[in-house]
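Use the sequences and the hints to build the structure in full.
Residue numbers (the numbering used here), protein chains in the order written: chain A, 1264 to 1800; chain B, 14 to 501; chain C, 8 to 431.
In short, the hints are calculated from the structure, not lab data.
Even for Gly, the Cβ is constructed at its ideal location relative to N, Cα and C.
Please note that a few of the clues may not be correct.
To be verified - If you want the footprint, here are the derived chain A segments under chain B, 3+ residues with CB under 8 Å:
(1) 1437-1449
(2) 1474-1481
(3) 1535-1544
(4) 1574-1584
(5) 1708-1720
(6) 1780-1787
Claimed, not checked - Derived lysine-lysine pairs resembling DSS-like cross-links, with alpha carbons at most 27 Å apart:
(7) K1335/A <-> K482/B
(8) K251/B <-> K1613/A
(9) K1369/A <-> K168/B
(10) K116/B <-> K1613/A
(11) K483/B <-> K1335/A
(12) K1582/A <-> K325/C
(13) K180/C <-> K133/C
(14) K312/C <-> K1582/A
(15) K330/B <-> K1613/A
To be verified - Coverage of chain A stretches by chain B, computed from C-beta distances (three or more under 8 Å per stretch; other residues unrestricted):
(16) 1460-1467
(17) 1511-1517
(18) 1670-1682
(19) 1766-1774
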Amino acid sequence: MAISREAYQALEDIVGPENISEEPAILDSYAFQWLAEFRQHGSKFMPRAGAVVLPGSTEEVQAVVKICIRYKLKCKAHSTGWGLYGAPITENAIQLDMRRMDRILKIDEHNMFAVIEPYVIGATLQAEAMKVGLNTHMIGAGASCSPLAAATSFQGAGPDSIFMGSGPENLLAAEWVMPTGEILRTGSLGSGLGWFSGDGLGPSLRGIFKGILGACGGLGVFTKVAVKLYPWPGPTVMPIEGTVPAYTAQLPENIRAHTLAWSTWEGYADAVYKIYNNDIGYIAHRQFIMFGDELQAAVLKILTDTTRTLNDLEELLKKPEIQKLSEEMRRSFQIVLVGMTPRDIEYQEKVLNQILAETGGWKIAAMEEPTMAGWSLLYMIKLCFKNLNYVYAGGFHDAMARAGTPDLVTSGWMEEMREQKRKFGKQGGIVNDGGDAGMGGVGTAGGGGYNAFENFILYDPGDAASVEAARACNVDAGHIAVEAGAGGYNFFFMEKEQVQALLAGRARPAIFQWQQKIKEAFDPNGVGDGSYLCLDE
Amino acid sequence: MGEKKEELIKIVGDNNVLDDPETLDSYSSDYSFVPSRKPWFVVKARNADEVQRIVEWANRTVTPLVPVSSGPPHFRGDTVPSEGGAVIVDLSEMKRIITIDGKNRMTIVEPGVTYSQLQPELAKEGLRLSMPLLPRRNKSVAASLIEREPTLIPKYRWLSADPLRCLEIVWGNGDKMMTGEAGNFASIEAAWKRYFALLNPRGPAQVDYYRLVQAAQGTMGIVTWTALRCEKLPKVQKLFLVPAKRLDELLDFAYRLLRFRFGDEFLFLNSFNLACILGEVADVIKALRDELPRWVLILSLSGRDILPEEKVEFLEKDIADIAQQFGLRLISSVPGASSGRVLEAILNPSKEPYWKLGYKGGCQDIFFLTTLNRTPEFVRTMYSVAEAQGYPASDIGIYIQPVHQGASCHCEFSLPYDRSGQVEVTKMQGLFTEASEQLLKEGAFFSRPYGFWADMAYNKDTQTTMVLKKVKDIFDPNHVMNAGKLCF
Amino acid sequence: MALEDYLSDAKRCCRCSYCKWIPLAQVKSWRFAKGCPSIAYKNFHSYSAGGRLAVVLSLSEGRSSYTDGLLDVVYQCQMDGSCDVACKICRYHMEPLEAMRELRFKLVEEGQLLPQHIPVIDNLRKEDNMVMKPKAERGKWSEDLDIKDLTTESAEVVFHGGCQLGFDEELGKVARTAVTLLKNAGVDIGIIRGKEENCCGGKAYDMGYRGEFIKYAENNIEAWTRAGVKTVVTSCSDGYFTFKRLYPDIGSKFEVLHTVEFIDRLIKEGRIKFNKTIPMTVTYHDPCHLGRLGEQYIPWQGEEKKIRGQIVVYEPSKPRNNGAGGIYEPPREVLRSIPGLELVEMERIREYAWCCGAGGGVREAYPDFSYWTARERIEEAKSTGAEALVSACPWCERNFIDAVNGNGDKMKVYDVIELVQQAI
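This is how it looks when you write it as structure tokens:
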């Protein structure tokens, strides 16, 4: 079903014919999404949009939203557009692709913030920030993602959150085209005073659009934001060495990567607390476990050796030293220490050594070897290899998510979630990775003290049986996550009735009735596509 | 009126509904220029259920409520009723420290808990909270943080309202909600059981509710407990003073340290403010003011857990090196002040009377957010308005506090005056108004718009005003909460 | 392989958009972070490798059909392989470039021809060249050259001029110089003189005309075999890719060298010596077909299998063409060895170089897009402070020269060979 000619013409008049399309193949390239298969009964296609529009300015976005109101169309924007949540969840909506709005408008070197548009990605912002001795928080989803989207619309934490906070913590002023077509400029920006504060006048209105999860595109469009930046006492351009794809970075002495390990979860938890209490670490994350506890060492070997492929996996898995390394990495995480000065790095390293001594931990020797350390360093600082979590067959999902205090790992849950997934892995429908691919967890909030894990379910989206197995594992995990107070964005995989039941079943369903009230006040014409969750009265 | 009183007595008990003239008088005005107005009653709530029932009652009877958590004196006009027939909801008796979780460095406190009450208890667990600058002894911790008052350690201010984390709110319509990660659970205990220490303030779900009560002056609802993230109590702490003749001499140095996140307590005071902090009475303050360096950057270095001495030692060396690059000196005493005395002062609530009142008995503060690089301009503006109005520049206290890890800073001018003489009051009112307007015109962001600043600030941002009204209509549909404040 | 063989790739695409950027590890600035000209110019997601894989799936599921819009999506792309390198940083079983090629083959086989390409292919069929010239004009560059004619003689080495060098009067000197240098260095070299030289077929292949490619490949292989050739040398990177990576599938066993490789070898062996200084700062553009696409051909036939439940591997192990084995150092070594010459690098180099804009039938069908792509590269070259942009492919050089001239830039454009000659 096409949108009306009048509506299409009106949209075309705003952005020009070269920036709007209703060509079915083009619309399908937008409907095609990672994880769509879970929602769309195996299909990779989300509901097809009525048209895709590429706005070039805030004014164009505003005009498009007003046209959507006039013609009773749903409207949803995405930045880099990765994941099913970027696509409208209703047919015939107007998909806004923000990629023409890709400028870094300002880097305030002194006050350490950048003003960016939606299609600036982590990699480009980081590159520009490093030129002036600064860095940007990189969300866990990696360098190809939009810091604006992370700060306004989705979750926004990452491996560096311990030092650099999460996207929403870093959000200063924002420019928001509300679903009414009006523009709200939050904080100091609204008074025409610049971007340095996102709060006030009085209450902080950004609370409306960003909680633990953002509105996922369901409540207007963000066209510019300011995000805080952080110190980078390293080279202004990262010196990259090595052969594709095994690039590495050899950095100065004040920047170091280690993989730390413990033989018990208690030791691990104690160390995380001590890191929290001693303000050390620039990046700290249980990263490489994402390949699975039994496979991680072998996979790292493959990834850092350009002569190897996944075909070498089985042979490597048989090697005692590889098995030993995987076992050693079972309760481990990666940490990057960055010293602002030589004394700082020396101090941090000493503190880390003492923490390890006090908690029975150690630095894994194999990960200190220069090639591996350089690769790890590059991985962690740039999050440029993030999509290796698709390396096995192209599918991953992180439904088995849970957050909490550092001692969550001692609760028995790590083993439970491992066993729970291992069961599915043994059946063959998902990758049999050992069970624990629980990435995350050293500091998911600025300063640390709060951890979140995502146990990856790795599957083949090109194989219907594997998709079905992953979906079943996901449902199983989803229940447990909800019970634990998590639950993330699983609602995207459900029909409206199921979503309502999910919300009603929460310990405090009223929060979604509040969202309903907010929705009525801020989106009275129903332009949003339903990604802002509301519980019907 | 009698019926109303009866209803209130039913909720909080006979002793907690006050309407004697003396009590009502004490809530009818404060040190601000907000017109005085007597409330009908003062009710002292003792727990969240009572608060909720009071708010429900106010909705039924459309009675204005004015929440108050801190003891007097008040300075901002936010606790003075703007409408007739208001009921003050005094939360200062809600003084429970619900928990101190040493391991996770969290504490949960009711709104009546003060810094002077809380800090010693935290210290027993090896913790402390980053303080605002010498709060009153009876200042509510919750109120201070909910109003986004600055605290002294910018590096721990990940969020603009840090260390504020989860809250329990009774909204203006009477609904009670736990915010942040607590909001996913039926109770605090249920959250703890699932390994949530109430550290994550975001949400629940897709709204950051706790942001909507921030700097709201009680217009959205009443907060009945706050979860706060604490710091480890330093084992070693050294304070340094970096003196300068002009503020701008300190800024590049300060920016470098803020970037490196070096230093804990980190604030700029001019000589008059430091004198007020260290001195007791006007003569002493005057003498100190003249002796002290014109500007001081106060910088504390702390070692908290592992190798605390080494940490302070390396920081001291590094910062001294950096100071040298900028032609500055990191020293432990300046004429008129030693680091020990300053440290003692800033780590504690104010002496009595409140430190801003020692000089002349009254004080008006003008404060706003800006960026550090712009502060010298605002200082010049303040001086020039003061000069034009015949107010001595040497009596202006200046406090500049980087917040949100240095992304912005709180800039505060304190203007002492004698409240007993009408002429001086009128002159101060003129200076206060003129300076506020001039600063606004030059780009000061009155992010917490108290009193007459509200009209001034909201007129400059009509879209925020419109949206805020929408939010107010959602959470306080009958507008019972502190009517007449902000833009409501 | 057929398009159907890439349906699992299509489903396995995670839509992450790595294909739109240079490898993220290599991003050095906002300005020069983009890798794929097609999406950078057209903006709709479908103009990326990921988008085209979605189109493949959409077509296969009957959700969309052939339209002019779809042809535009498929053909407004230089097939430069930037997407392929970026994708394979994290993906070990995706072949986005191959899938895009198969999509073109399928369109051509089913008669869905891009109108702008039809006269070009007609001319190829009639005149054996891709530059819309009469066959008789081919080979002017070699008319008075004292060199073996391999239509009648035999030699160890054949130099293939190719369509661009063969017809472009300005660039013909590159071929002359190359052959002369090699001959003077004692190489037993010859050419298929004049109009007897054929198109390599590579461009037709990139445009989706597999049949034409096979025809020319067979003709060329036959001619070289007849002349006793062991090694094929060319200064054309398109030709190099075609001979090295595509011909082996048709049975070619010749050693294939680009002249920069040969010259590099001769310099190192002392058979070419420089006696002039060239005081110039230059930057080098890696032609896609010499760089990331210029890897060794490794035959593979096998099938996919799964281990550990769902990990995709191949039986036997499948070679990874991810740009690692491209020809990057020889041209740089040659430039570095020229006295006085300073080589400065652009941000996007080697396997993640930005395309010149000429490939994939884009120059022929979408001149504005082609010109824009070249302009982007010239801007990048200018940002290095270099006086000259040097390359090793006449298609790149022609596109750059046109873009420089069109904009009145002062940037000079050279082939590596030209600088070598100047220094001798």
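Hint numbers contradicted by this structure: 4 and 17
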